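Please work from the sequences and hints to get the whole structure.
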Amino acid sequence: MLGGLGVSRESLISGLMLAAIVAVAALVTGFAFGANGERIATLFLIYLCAVLSISVFTGGSGITSFGHAAFMGIGAYVSGILTMPKALQVSALPQLPAFLAGHETGIVVAVLAVAAAGLIAGLITGVPVARLGGSSASIATLALLIIIHVILNGAREITRGSQTFYGVPRLTTLLTALIFAMAFILIARLFRDTGPGLRLRATRENDVAAQACGVSLFQVRYIGWILSAMLGALAGALYGHFLGAFSPKDFYFDLTFLLIAMLIVGGMLTVTGAIVGTALITAVIQILRLAEGGIDLGFVHIPVIFGLTQLGLGMALLLTIWRRPLGIVGLQELGPKLKALVATAPAETPAKPASSDKSLSVASLSKRFGGLQACDDLSFTIARGKVTGLIGPNGAGKTTLVNLICGQLKPDRGTVMIDGENMVGRAPHLIAKAGLGRTFQAIKLFDRMTVLENVTVAALTIESNLSAARKAAETLLARLDLAREAQRLAGTLAYGERRRLEIARALALKPRYLLLDEPAAGMNPVETEALKSMLDRIRHDFDLGLLVIEHDMHLIMRLCDHIVVINKGQKIAEGAPAAIRRDPKVIEAYIGAAPETEISPSTPSTGGVKNETAIGIA
Amino acid sequence: MKLRLALLSLTALGALTFAAQAEDLKIGLASAQTGTLAFGDQPSLAGLQLAVDEINAAGGFGGKYKAVLDVKDTRSDTAATVQAAQELVASGINILITPCDADPSIAAGQISQPAKVVTFTFCGTTPTITSAVGDFMFGTYPADNAQATVLADYAHEKGYKTAYILKSPDSAYTLKLPEYFQQVFTKKGGTIAGEGTYSMGQQDFAAEVTKIKSLSPQPDVVMTSAYEPDFPAFIKQLRAAGVTSPVLGSDGIDTPTVAGLGDVVDGVIHSSAGLPSPGTPLETFAKKFTEKTGKPFDTVYIANGYEIGLIIDAAVKAAGSLDPQALRDAVANLKDVEGVTGKITYAGTDRMPSRDIALVEMKGGSRSLVKTVTPNPADVPAP
Chain A
1 MLGGLGVSRE SLISGLMLAA IVAVAALVTG FAFGANGERI ATLFLIYLCA
51 VLSISVFTGG SGITSFGHAA FMGIGAYVSG ILTMPKALQV SALPQLPAFL
101 AGHETGIVVA VLAVAAAGLI AGLITGVPVA RLGGSSASIA TLALLIIIHV
151 ILNGAREITR GSQTFYGVPR LTTLLTALIF AMAFILIARL FRDTGPGLRL
201 RATRENDVAA QACGVSLFQV RYIGWILSAM LGALAGALYG HFLGAFSPKD
251 FYFDLTFLLI AMLIVGGMLT VTGAIVGTAL ITAVIQILRL AEGGIDLGFV
301 HIPVIFGLTQ LGLGMALLLT IWRRPLGIVG LQELGPKLKA LVATAPAETP
351 AKPASSDKSL SVASLSKRFG GLQACDDLSF TIARGKVTGL IGPNGAGKTT
401 LVNLICGQLK PDRGTVMIDG ENMVGRAPHL IAKAGLGRTF QAIKLFDRMT
451 VLENVTVAAL TIESNLSAAR KAAETLLARL DLAREAQRLA GTLAYGERRR
501 LEIARALALK PRYLLLDEPA AGMNPVETEA LKSMLDRIRH DFDLGLLVIE
551 HDMHLIMRLC DHIVVINKGQ KIAEGAPAAI RRDPKVIEAY IGAAPETEIS
601 PSTPSTGGVK NETAIGIA
Chain B
1001 MKLRLALLSL TALGALTFAA QAEDLKIGLA SAQTGTLAFG DQPSLAGLQL
1051 AVDEINAAGG FGGKYKAVLD VKDTRSDTAA TVQAAQELVA SGINILITPC
1101 DADPSIAAGQ ISQPAKVVTF TFCGTTPTIT SAVGDFMFGT YPADNAQATV
1151 LADYAHEKGY KTAYILKSPD SAYTLKLPEY FQQVFTKKGG TIAGEGTYSM
1201 GQQDFAAEVT KIKSLSPQPD VVMTSAYEPD FPAFIKQLRA AGVTSPVLGS
1251 DGIDTPTVAG LGDVVDGVIH SSAGLPSPGT PLETFAKKFT EKTGKPFDTV
1301 YIANGYEIGL IIDAAVKAAG SLDPQALRDA VANLKDVEGV TGKITYAGTD
1351 RMPSRDIALV EMKGGSRSLV KTVTPNPADV PAP
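Heads up: the sequence lines are chains A and B, in that order. Number 384 in our numbering belongs to position 384 of the first sequence; there are no gaps in the numbering. Number 1090 in our numbering belongs to position 90 of the second sequence; there are no gaps in the numbering.
Because the hints were derived from the structure by calculation, they are not lab data. Owing to the predicted nature of the structure, the values given are computational and were not obtained by experimental measurement. Every residue gets a Cβ at the ideal spot worked out from N, C-alpha and C, and that includes glycine. There's no promise every hint is true.
What the hints assert, rightly or not - Interface residues of chain B toward chain A, partial, derived using beta-carbon atoms under 7 Å: (1) T1034; (2) Q1086; (3) M1200; (4) T1293.
Claimed, not checked - Now the in silico label distances, taken between C-beta atoms and shown as ranges: (5) B:A1326 to A:T105: 35 to 43 Å; (6) B:E1157 to A:V150: 53 to 61 Å; (7) B:I1192 to A:E104: 23 to 31 Å.
Structure, rendered in structure tokens:
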């Protein structure tokens, strides 16, 4: 089954290591230190399950969920109703609807029912959360917490409303909690490295770039949310069977705060972080609990001070946010060291299909923002196997045009056709899937993911499974001379490598067209030269139609087969580089007048400076 | 992992230091000394501590057992209460005391009940606490249904025929108390003119107030168990809208701040566990408390905690030993224990005691006693 998910051996080993460490720690605490140790270990494992359920979604998507306490509530009530002894149920829940009453099921049936309840809750609540992103999604989860709380309070026949729901069998022992926790650790750890887990993390790092890699934000967030809601409901059942009696307020803000604190202190981004945070906060609470009851050590007497635990919790949180914003663990999962890729020679050059008749064409594209006509009836064609340059002064409408082509903006009028198919109205990730790769003016990598993961995310869009995607990514990295960096975090790469990685990632989509937004920005002449030869190579090797937006005239004039010039939203010229260079309209647009001037191909690049007027006097 | 080890060695150390004498009366408290329930648990503990000190000084509980308190803070968290209750029960306590709320009290009671440890909720007022747990669980504070009965009786006596009730589904107290009132009031011939609901903390009562204002005729009385911050907001907006119907409240508004609201609460009558008015035993106790502890007597929960000490003393005396079953039976059969707010009786009840409830009226920033009533058990609605 794991093979089917394509999860690597490393993540499995890492998951097993984490589960084993937790198991050993819990069992040592539970058996070597008597009943008190057993209780502490049990409580730790229950909290760990709850924190891991949040971590699956929050760690993946970067959207802090405040709603999981509510899922825990749902799980606790469902399991409580199903397992409650019949006689007790008659007195505790006299108005319970008949279909829920008198089941008195065993734990296995209850667990399945709880998972189903979590699934349903996740399916429903996931729709708004997955549609939103960032802090609005967080606020939506907060609203969910409140809504589910109100429902639990309102469903008096089933939950006893705000009154205590009692008579829940106290089934949660150290052993049951341990079995749950180990399963949760494995699921959470493996999910990270499955296709959906990987893509979810990409959305966390950069949602626009993730879309450009063919990732549907909604889809991956929805999957993550549903899994996480199911785990949350199961953790809640475990918690409910530990408490034995509870009411909706036990699954509200206080619990949410505690769980989020554990997650933040350990580190939201990793499963290791969830474990460390839960262990640390549990330890802080239990130690301070002892201290605040007053301790007589013989030589010193510590008086009774209540409130220390609360104080300790607050301090731990504050210190973490201040000193280690990513939590104690940070980015690195505990696990075997990932092997660097062997820099294999590029395998085969892909067969070059004859494609002269295929093109990406833009027709009558128009977009208005209030009083500004950002794009006005633009039409041009990017041919396969050719490099088309797009130039124009600042404010010409280049960025708007790029966003229209990629689907980030919807045009007022006009069409974008890829090989005969209209792309207007399609979501950006579908346009990416249809064959359009892109890079960004300001590089947008998935910084806190490895180089290999960056490329794999895009490869997943077209490959059938994770292993195939990883293989394709490895091949690409080798071709673009990044194989040695495969296991480094993308955020740690040097500038030129970052540009290359972004191109490699776009190529992983096996695109037919590639849109490069200022690829030479910030490069010195040597780097620019290397870039040019790389672009020449990949356009042949991959049979690409390239659209290059660039201010470096030196590069544009030598690289492009065809140039489109726009100004103030309108196309003012189009043609071969030589013709463009002499076009009076182009010259006027760039320097305002003087028809005798000519845009010089010999003007050296000015490097990172936005050079709008790389123009020489003829 | 190092932290865990440190924690565990501390646990072991802690266990050693709490060793009490074999013939001590060990009272374990899984009590909310911090958090949302501290408002009731802190003063209750202060009262209990005073009772324990006095009784110990006078020869011990039942004349022979010195009491030792082991207090564990639950932070008003149910899971922490379960953990504390488990620890305390395992350490061999004779009596367990749980927080001022039904959730943690029932959760803890489910642990002490099978272990046969007599358990009191500090000031949990939900009448189902005892039936949910079993025969070792006892309440002490006037239960919600008893308070509601006293209020409905009073409304009936005053000749009120119609009542409007305002409740909130957010807590058992704010929901069930008005519903108990409704049961007793309609049984005695009254009718409910209407009912409104609110969310705790909502602040804006315009909708509810408009609903009351539009009733014709106006209800003879408005009854609610709302407390701060909801009650002050509600009463201000109600009076500002020109509604003059009398208002009945419950012990949740028995605080100095509500009395301090001034004109708007003039004439509001509410139930209370007791009022230290001049000449009452409660006033004498209040003076003694301040004298001995140096702290003001600012809430009747102090008296309630003190009375738990008296109840335990009476039960130990009656049982003659610390045998769990004997101790439980003794508490269940207590009759007319002389407390500081009145007499307390468990015999014939379902372990929520029958006891005096005061009706007090707020006027000019202070309170005066209307009367003290012991509700007739036959009138008290089933929980």
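Hints versus structure:
Look at T1034 of chain B: its Cβ gets to within about 5 Å of chain A, closer than 7 Å, so that hint holds up. Interface hint status for Q1086 of chain B: upheld, as the beta-carbon distance to the closest one in chain A is roughly 6 Å, under 7 Å. Restraint check, M1200 of chain B versus chain A: the minimum CB separation of about 10 Å is more than 7 Å; hint violated. Restraint check, T1293 of chain B versus chain A: the minimum CB separation of about 15 Å is more than 7 Å; hint violated.
Distance hint check: the CB atoms of A1326 of chain B and T105 of chain A are about 39 Å apart, consistent with the given range 35 to 43 Å. Restraint check, E1157 of chain B to V150 of chain A: a C-beta distance of roughly 38 Å breaks the suggested window 53 to 61 Å. Checking the proposed 23 to 31 Å range against I1192 of chain B and E104 of chain A shows it is violated: the Cβ atoms sit about 38 Å from each other.
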